[in-house]
Amino acid sequence: MSVQSQTARPSRGAYFRIAVLNGLAGVIRAFNANKTSWFGLGVFAAVCLLALLAPVIAPYDPIDQNILFRLKPPDAAHWFGTDYYGRDTLSRIIWGARISLTIGLMAIGSAMLIGTLIGLVAGYFGGRTDIIVMQIMDVLLAFPSLILGLIVVAMLGPSVTNLVIAISLTAIPPFARIARAPTISVKNREFIEAGHALGYSHSRLMFGHILPNIAPEVLVMGSLWLATAIRVEASLAFIGLGVNPPTPTWGGMIREGFENILDSFWLALFPSLAILIVVFSLNLLGDGLRDAIDPRLKGEQ
Amino acid sequence: MTAFIVKRLGFAAVTLFAVLTIVFFIVRVLPGDPAMVILGDQASEASLAALRVRLGLDVPLYQQYFEFLGGVLVGDWGVSMVSGRPVIDEILNVLPATLELTIASLILGAAVGIPVGVWSAVRRNKIPDYLARVASLLGLSFPAFVSAVLLLMFFSIQLRWFPVISSSRDGGIVEHLRNLALPAINLGLIMAAYITRVARSAMLEVLNQDYVRTARAKGLAFAIIIRRHCLRNAMIPVVTVVGLYLGILIGNSVLTEIVFNRPGLGKLIVGALNQRDYTMLQGMMVIYTLIVVLVNLLTDLTYGLIDPRIKYS
Numbered sequence: 000m001s002v003q004s005q006t007a008r009p010s011r012g013a014y015f016r017i018a019v020l021n022g023l024a025g026v027i028r029a030f031n032a033n034k035t036s037w038f039g040l041g042v043f044a045a046v047c048l049l050a051l052l053a054p055v056i057a058p059y060d061p062i063d064q065n066i067l068f069r070l071k072p073p074d075a076a077h078w079f080g081t082d083y084y085g086r087d088t089l090s091r092i093i094w095g096a097r098i099s100l101t102i103g104l105m106a107i108g109s110a111m112l113i114g115t116l117i118g119l120v121a122g123y124f125g126g127r128t129d130i131i132v133m134q135i136m137d138v139l140l141a142f143p144s145l146i147l148g149l150i151v152v153a154m155l156g157p158s159v160t161n162l163v164i165a166i167s168l169t170a171i172p173p174f175a176r177i178a179r180a181p182t183i184s185v186k187n188r189e190f191i192e193a194g195h196a197l198g199y200s201h202s203r204l205m206f207g208h209i210l211p212n213i214a215p216e217v218l219v220m221g222s223l224w225l226a227t228a229i230r231v232e233a234s235l236a237f238i239g240l241g242v243n244p245p246t247p248t249w250g251g252m253i254r255e256g257f258e259n260i261l262d263s264f265w266l267a268l269f270p271s272l273a274i275l276i277v278v279f280s281l282n283l284l285g286d287g288l289r290d291a292i293d294p295r296l297k298g299e300q
Numbered sequence: 000m001t002a003f004i005v006k007r008l009g010f011a012a013v014t015l016f017a018v019l020t021i022v023f024f025i026v027r028v029l030p031g032d033p034a035m036v037i038l039g040d041q042a043s044e045a046s047l048a049a050l051r052v053r054l055g056l057d058v059p060l061y062q063q064y065f066e067f068l069g070g071v072l073v074g075d076w077g078v079s080m081v082s083g084r085p086v087i088d089e090i091l092n093v094l095p096a097t098l099e100l101t102i103a104s105l106i107l108g109a110a111v112g113i114p115v116g117v118w119s120a121v122r123r124n125k126i127p128d129y130l131a132r133v134a135s136l137l138g139l140s141f142p143a144f145v146s147a148v149l150l151l152m153f154f155s156i157q158l159r160w161f162p163v164i165s166s167s168r169d170g171g172i173v174e175h176l177r178n179l180a181l182p183a184i185n186l187g188l189i190m191a192a193y194i195t196r197v198a199r200s201a202m203l204e205v206l207n208q209d210y211v212r213t214a215r216a217k218g219l220a221f222a223i224i225i226r227r228h229c230l231r232n233a234m235i236p237v238v239t240v241v242g243l244y245l246g247i248l249i250g251n252s253v254l255t256e257i258v259f260n261r262p263g264l265g266k267l268i269v270g271a272l273n274q275r276d277y278t279m280l281q282g283m284m285v286i287y288t289l290i291v292v293l294v295n296l297l298t299d300l301t302y303g304l305i306d307p308r309i310k311y312s
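Protein sequences, first through last, are from chains A and B.
Note that numbering that gives the first Met the number 0 gives residue 85 to position 86 of the first sequence, counting from 1, and the numbers run on in steps of one.
Note that numbering that gives the first Met the number 0 gives residue 75 to position 76 of the second sequence, counting from 1, and the numbers run on in steps of one.
In isolation and in its complexed conformation, chain B is listed as follows (with noise of 0.2 Å):
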């Protein structure tokens, strides 16, 4: 178990290395210069120059490179072009709020869609498992800020339910959840989408298995076959692809920050676009590298937890 933590370790580090390595070049290579995207294409070349000293945008690309690389590893992202504070406290105050809501988005996808999932499989070929089939493909063709709109015009503007801007951090934990409660939906409903289609084949393919007949054979309640044998084995397909659709998740998560006028990691790097505040993309772009490279991690360790008879080897 310990090589195996290591072994994992040691490869979310090259992955590390290799996006920052990427992201580095990514944000120097493409045609701009910075210097000039801040100051204007009217700004003369004496303060282009001092700015490009400020950025050390002045020292050869490959010192650049380890200068970057060396302040991710301390902690030192750099200090955003537009605000003047360091990124990191930028990112790190307004991660919590992204991390509530993506967590809470996870539960309700899997509280949802594992549940109906299971159902539709049992129930395959059924009214219920067509109804399921047919939801899911729907809510994962919904572009998250599409179903975010149509929600807000719905509970917010006209049954009057929700805020319709959800920015308040004061008051107390029921404003709080009150905020939450449909950007969270809407991340959340798109999210059992994912995790119903997974849990549904999953347990199609656990309930083909020959054990699932011999406990049938046996005279077992079909209810308990599905709980003790069927549930745990289908778990693992969905793991993966909890892991997998983070990306999508991250990706709806902006898109749901920005209608609901939410703070967080969504709201942080379009500002940083619109501004074109390099070193805060950068600084974004390692940081949302990080949480995949974490996640997967947890992914991995999560099948122990679901499967003894995984060896981590």
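Just chain A, with the same shape it has in the complex (with noise of 0.2 Å):
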């Protein structure tokens, strides 16, 4: 008998898969909810592709100068034009998504993973706990998020690394809110407390039990934080505190184009739309995604 239910019973990674794939099924039921967030995800995808295929896909060299070409408004040769130093806007373009895409994502992934740890360790322990933690992450959320990417930065000085801890930096509190609150809800179910009666251990049930329960909301949150550390680092490079040149940053291509906008308006334009397109179509993807998943507005649709 003993024996039959041991085979009979699946093995702890199976349940942890299978909380893994409700996830996920959630969050396909979600963009299926809501149309716009396919078409936000599609842009969104075909971006990163540029990105990735920008040596193959870029005509030109992103830093070649080319003192003949300098300032030529758009035409067959640069479809975009080219900037003071007769670099092809074209292909700066593509080439800067790869640094925007790269900042944003991996200042993102990290805030996710850290604040998601840190709001699933307050709303399960609950108490002191909580309270501490939570009123840290209120004094950091309280304070503009561009002035201290700002001071990060600076005093840091301008490197992929350190605008990737400086957004980084901002962008946890909001996810340790996001993960606190489902915790919480979650932490009350039956299922949680049968596990507290088979003595599961805390970090068992948090992150086997509890994080598969609360991920499609994390998820979903990423897609806008994404779009704010790109709208963060573009700005943080419009400063001035970009990735150092000649590396071509979108921000900082509007910065320099900026010195010419009497005379040459496309240099401004033309990565201005770049970042309008990615951060909307981020946008998109997430505030559909998150109508979908949100509780209050479920059985509405």
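Hints listed in this document are in silico derivations from the structure and should not be mistaken for laboratory results.
All residues carry an ideal CB built from backbone N, CA and C; glycine is no exception.
Incorrect hints may have been included.
A few chain B residues facing chain A, derived, Cβ under 8 Å [unchecked claim]:
# : residue
1 : Leu19
2 : Ser140
3 : Phe141
4 : Val145
5 : Leu150
6 : Met152
7 : Ile223
Dock chain one against chain two, each of which comes alone in its own frame, and use the hints as you go.
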């Protein structure tokens, strides 16, 4: 009898797989509930592809200067014109996508990891831990994120790593908040109580049982915050705290273009549109998903 | 009510204290010796030491910390490392310009955002709703400097309706408003995008309430239900969000001031960053924290004005 029940019970790994698949199914359901999410995802995927294939697609070397072709307006050879040093704007935009996406994804990836951990621990243990941790998060949240990022980058120096650190610092508190709320509601459900009764460890309950249940919420917010991260990176670059030139960054290109705005409007216009397209597609993606998983809106569709 | 205000003030003081502590340690702990930064790495050890004494960096850290806290309390925020003028004077000098810009954009944001959000909720899943939703999502996708550059390109350079550089301070009230217009529109439209979205979702929630159904069942005109019964209840989340998005508004005002070359906190902080003016940066963080804490307090108090049922306890 006891042997039978041993074999019939799925392994610990299987439980985890089921939980992860449930989470994924939740995300896909959310996608289907709001079609604009698919559109956002499509545009964002296309931008990622362009960035990945930059060496193949970009018509020119993004840092290759050509003084003879300075500040050329858009034409057949240079679709988006050339800048003050005769560099091809289109190629710089394609290569610049790499910087924006790398910094955005790395910053939000780490903020998601750390913030979720903090929120999970605070929500799971509750009590004093919760109060203290969330109070610290609230103080950080109160501070204007661009200013915080500005100061951290200015002090550490502008490099990809430091920008990732600065941006993820500003995004940790929101993720902690996002992870905490569903943790609190999930931890009071029967299956967690059952887990306690079976003597499961805290970490097993948190990571094996609660985390998969709160994952959709966190992932959805991830896409919205990725949009914010890309916006902040571009803003910092515009202020002059981006990855050092001549590396092309969208914010940096707008900064340079802004100096020639009176005669060469295309320099600022095209990278502006690039940022706008990426941020808008991510917002469409995340916004649709959020509506779909928002429990308050359930059953209204 | 008084007890509530005292309690909130206490909380504000704790927050302020916490942020000041963080500010102090961020400025101190991060790599980079301010004296070295100011004088360059070629400077002699003697001149570095002399500058450290002048900046008060020679005493133990805890002593610096208490001097810093005490200084903040009595309004002595140190002296700018670059201009040599008191930090607080430099900040107070430009603060009105930034406040004027942010308040103007908040008014504009609310004036556009609330009606559009309400309209969008009432016409849910109709064409106006879709338009408002796409427009507001687009609005909050704009980095503030991108929209500022585009506005500048179109209205100042193409149409020549507004001055390209809005820094002149003399001139009459008309000139003043003309200078304020584009920056305020830029910030205000982004704010309107955020407000539209909250107003819409708050309104949708209120429209589903039983008392709205009752009011409709007894034959009250829909416009009156919206005005008298829904709007007020939907305003609380809107006020909360305006308070929450203050951080975004401040960040955006920095970018806007740079693009339009407007004097204000934004230009001051970027100047301080470029010149590594540590005391100025410290002062800027103090003033930003003060603003955030104050606005949060105001937000809390506004709830009571909107909804008399809220008891402050």
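Residue hint B/Ser140, partner chain A, criterion CB-CB below 8 Å: holds (4 Å)
Evaluation of the interface hint that places B/Val145 against chain A, nearest CB under 8 Å: With a minimum Cβ separation of about 4 Å from chain A (threshold 8 Å), the hint on B/Val145 holds.
Under 8 Å is the threshold here; is the Cβ of B/Phe141 close enough to any Cβ of chain A for the hint to stand? holds (7 Å)
Hint status (Cβ of B/Met152 to nearest Cβ of chain A, threshold 8 Å): holds (6 Å)
With a cut-off of 8 Å on the beta carbons, see whether B/Ile223 makes it to chain A. violated (25 Å)
Quick check on the hint: B/Leu19 CB to chain A CB, less than 8 Å? violated (11 Å)
Are B/Leu150 and chain A close enough, Cβ to Cβ, to be under 8 Å, as the hint says? This hint is violated: B/Leu150 lies away from chain A, its Cβ roughly 11 Å from the closest one there, beyond 8 Å.
Against the hints set out earlier in the document, violations occur for numbers 1, 5, 7.
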